[in-house]
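S.K.: Sequences listed follow chains A and B, in order.
34 is the number that my numbering gives to position 34 of the first sequence; each next residue is one higher, with no gaps.
534 is the number that my numbering gives to position 534 of the second sequence; each next residue is one higher, with no gaps.
One or more of the hints may lead you astray.
Using 27 Å as the maximum straight-line C-alpha spacing, the simulated BS3-like pairs for lysine-lysine come out as follows [said to hold, decoys possible]:
1) B/K488 <-> A/K52
2) B/K31 <-> B/K6
3) A/K82 <-> B/K383
4) B/K102 <-> B/K320
5) B/K637 <-> B/K320
6) B/K383 <-> A/K9
7) A/K95 <-> B/K383
8) B/K31 <-> B/K182
9) A/K52 <-> B/K487
Read the hints as simulated data drawn from the structure, not as lab findings.
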Amino acid sequence: MSTITLTLKIWRQQDRKTKGRFETYETGPISQDMSFLEMLDVLNEQLTLEGKDPVAFDHDCREGICGMCGSVINGEAHGPEKETTLCQLHMRHFKDNDTLVIEPFRARAFPIIKDLAIDRTPLDRIIQAGGYISVNTGGAPDANAIPIAAERAEAALDAAACIGCGACVAACPNASAMLFVGAKITHLALLPQGLPERSGRPLDMVQEMDSQGFGNCSNIQECEQACPKGISIQNIARLNHEYLRAAFLSEE
Amino acid sequence: MNLNPKIPPGPLADKWDTHRFNSLLVNPANKRKFDIIVVGAGLAGASASASLAELGYNVKTFCIQDSPRRGHSIAAQGGINAAKNYPNDGDSIFRLFYDTIKGGDFRAREANVYRLAQVSNNIIDQCVAQGVPFAREYGGSLANRSFGGAQVSRTFYARGQTGQQLLLGAYGALMRQVHKGKVRIYPRREMLELVVADGKARGIITRDLVSGRLESHCGHAVVLATGGYGNVYFLSTNAMASNVTAAFRAYRQGACFANPSFVQIHPTCIPVHGSYQSKLTLMSESLRNDGRIWIPKQKNDTRDPVEIPESEREYFLENKYPAFGNLVPRDVASRNAKEQCDQGKGVGETGLAVYLDFAEAIARDGRETIRSKYGNLFHMYEKITAGSPMEEPMMIYPAVHYTMGGLWVDYNLMSSLPGLFVLGEANFSDHGANRLGASALMQGLADGYFIIPATIATHLAGTELPDIDTGHPAFQEAENRASLRIKKLTALNGKRTVDDFHRELGLLLWDCCGMARNEKGLRYALNKIPEIREEFWRNVVVPGTNETFNQSLERAGRVADYLEYAELMVRDALARTESCGCHFREESQTEDNEAKRDDKNFSHVSVWEYNGESSAPISHTEPLVFENVRPSRRSYK
Ligand SMILES: Cc1cc2nc3c(=O)[nH]c(=O)nc-3n(C[C@H](O)[C@H](O)[C@H](O)COP(=O)(O)OP(=O)(O)OC[C@H]3O[C@@H](n4cnc5c(N)ncnc54)[C@H](O)[C@@H]3O)c2cc1C
Ligand code: FES
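Make a model of the complete structure from these sequences and hints.
M.R.: If you want it as structure tokens, here you go:
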């Protein structure tokens with residue numbers, strides 16, 4: 001496999017309070033079989049041996065499912081490949097002598113922890129506000145008691161596939177989390193088990209989204225483009241529908 | 001050392017009921033007086049935290065990731081078993097029990113495994129009630145598939161992302177309890193020490209991974225659900241943060257370790273392709289339902305696989321195991337692939353790979369059918385390797401995947417240290433010497449949703465737990481231990497990186513304590529590990545300070561523990577001179593190279609007790625008693 005060398009302009013920021021800046025690094029030869037994160041590993045090994053501070057970045061599964069990784073590469077969240085998390089992006093998509101500008105997901109609700117690592121706990125708080133079905137453990141009816149059409153279960157899974165990485169927020173000029181909220185609302189609205197809480201959930205989750213400092217949706221659709229799991233913008237339409245329905249019912 | 005497994009008396013099928021009836025209860029109004037610390041928010045930790053909070057206990061839950069939704073469980077692909085018998089194909093609780101105990105090569109406790117099979121059905125009910133979108137048939141009922149060589153279809157799944165959907169279900173339940181104020185989540189925290197006060201586990205010391213601050217947390221019981229230690233090999237299918245630190249720190253405080261050498265090596269992973277590689281990617285076992293595994297008959301055959309005619313291919317699993325073919329259990333499939341590659345018949349750049357071929361299935365069922373079954377896996381393979389399994393065979397090779405060994409627990413899931421409970425992959429309890437596919441998710445959720453909520457009460461209600469807080473001297477001592485270690489690590493300014501040491505250790509273990517083990521190799525490793533460890537503490541470089549977000553320091557701490565833990569694994573592998581399940585001792589094989597068990601001498605759990613830094617650990621055994629099944633030879637021919 002061929003190798004390439006790259007110029008990396010990486011956002012370095014010591015902690016939440018310190019001001020950050022870009023720093024430039026020349027890589028050694030990079031195998032095009034490497035993943036993007038392995039390329040950063042190699043850079044970090046080099047920096048460590050030179051007595052410099054390695055670049056902090058979040059990652060865990062490196063299989064595109066945990067939602068822990070993510071940076072903006074040349075202006076695109078998770079980089080240039082469609083429906084691909086940063087950990088699944090491979091260096092064969094880059095050319096020799098490319099310059100890559102690497103920066104964290106930026107949003108008011110996501111403070112920077114260090115370099116490329118950010119704090120996404122506001123997404124957890126939105127889920128806490130109602131992104132679940134309220135059942136206690138034990139006493140659930142037989143799993144086959146309520147049939148669910150296969151297509152409906154599949155559609156619910158399409159929405160439930162969200163990995164909560166926050167790329168949608170980073171891509172949105174308003175830093176809105178509507179795609180994230182829409183995906184959860186859709187997942188639960190499509191299933192019979194989710195119906196009892198249908199009239200409260202959208203209101204509670206949207207209210208929490210607002211209070212966590214996420215912006216509003218103005219239908220720019222950048223979120224859908226950036227989503228590594230292909231979560232469709234239709235989820236936002238469903239959220240709006242469910243929201244209106246819930247608002248209407250709560251007025252009654 | 002008291003290693004009483006506390007198996008309840010009576011017939012197998014009644015044990016769990018009897019036990020629950022005989023267990024103590026905590027009065028509902030008193031539950032809120034108890035604080036429970038749960039370390040880990042994978043399937044086991046999240047389900048335990050939510051269920052305990054629902055009962056009224058105050059729960060504090062800790063995890064390394066920035067959110068409890070990201071634990072390693074999220075990556076599980078294939079599915080979760082249950083004895084529902086929905087397809088009416090002859091499954092039952094007893095059959096799931098029997099398959100699991102046999103799959104584990106008769107090295108697990110009957111009573112624990114039977115209970116696991118019993119509660120498996122409740123898990124599916126629970127998950128569906130939470131909104132887990134399992135795959136369904138067109139009529140709307142739940143779909144099942146056969147997985148990992150099972151003769152019945154008992155695996156429930158959600159595409160290739162079952163772990164994700166189950167974890168998001170448990171995470172939802174957990175978030176609900178956070179909202180109610182019954183659980184407090186501590187993300188980006190790493191447990192560095194267990195606090196033992198008056199002989200009981202009463203708390204933990206954690207490091208806030210953002211600020212570096214050490215924190216003390218006190219509770220009435222500590223539940224460890226910190227996952228497996230497969231990353232000791234450096235390359236594995238585990239998530240990067242998976243570690244042995246929490247379990248190992250508990251071991252050093254007196255919790256015994258059981259069967260540390262039992263490690264599962266999964267046959268279908270994407271082969272290693274470079275020295276920079278950071279982890280290995282699993283390709284779901286379900287691929288073996290349609291893919292055929294082969295290698296060229298000739299050594300060093302470098303032809304394009306599609307150009308090698310049928311007559312020059314060797315379908316080694318189908319030939320050797322006509323009854324099970326490509327669906328033999330994981331250990332058998334892995335060992336055979338290694339054997340072929342060791343003979344120089346491996347393929348790919350490194351010669352450490354075999355083909356997994358879908359051509360016949362595509363010809364039989366059509367491209368669309370195969371694509372709809374495996375599309376997402378093929379897509380993942382293509383992303384990583386740039387090759388398309390629709391056009392050419394996949395290349396696969398075994399990789400470290402799951403650890404059956406773990407902290408020893410009794411029937412209540414309590415370790416040998418009172419007040420310390422261990423759930424999920426972190427304990428040793430249910431899979432013996434080899435785990436069957438789709439049963440880890442089942443075990444993690446069984447432990448968390450159904451077992452710990454019932455068994456923890458006996459400890460809380462039946463033990464004297466004096467009112468202490470983090471002012472107790474045991475907390476100060478534990479915090480001192482943690483902080484001293486951090487100081488030692490951050491002071492190191494040598495010439496090799498943490499990963500460099502980790503890679504060296506991993507390779508050594510892979511060679512000497514991997515798919516096949518022998519006395520010579522194990523003795524070599526036993527000498528070599530202390531050498532690597534000694535150099536680590538002299539020559540590793542740990543950049544930065546403690547008071548920042550310092551990922552190198554995090555890794556250094558974990559690798560330091562692996563360097564001690566690896567020795568325990570090797571000792572255990574050396575002591576068990578039989579072959580069983582994944583533990584293949586070359587000295588103990590049949591004429592046709594199959595594993596030869598030695599029930600006379602090794603029908604036991606090996607249990608290790610810490611005995612200080614400069615002495616060897618003390619070896620104990622827990623005999624295994626089989627009253628309901630007869631240990632037979634596992635034969636898949
Ligand atoms: C790629 C892959 C696919 C798999 N597919 C399947 C499958 O299809 N079916 C199946 O049954 N099994 C499967 N398995 C196995 C299964 O996923 C795991 O065994 C299981 O999920 C483990 O769950 P757990 O809750 O015990 O631990 P984990 O999910 O590993 O969770 C551990 C938790 O502990 C926390 N933690 C760890 N150490 C510390 C510490 N020191 N301080 C604080 N917190 C800590 C972590 O942050 C995490 O939250 C698969 C495994 C892999 C690797
Ligand atoms: S590291 Fe898990 S999604 Fe990228």
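S.K.: Does each hint hold? Answer for all of them.
M.R.: Hints, one by one, checked against the model:
| no. | hint | in the structure |
| --- | --- | --- |
| 1 | B/K488 <-> A/K52 | holds, 19 Å |
| 2 | B/K31 <-> B/K6 | holds, 24 Å |
| 3 | A/K82 <-> B/K383 | holds, 11 Å |
| 4 | B/K102 <-> B/K320 | holds, 20 Å |
| 5 | B/K637 <-> B/K320 | holds, 7 Å |
| 6 | B/K383 <-> A/K9 | holds, 25 Å |
| 7 | A/K95 <-> B/K383 | holds, 17 Å |
| 8 | B/K31 <-> B/K182 | holds, 11 Å |
| 9 | A/K52 <-> B/K487 | holds, 19 Å |
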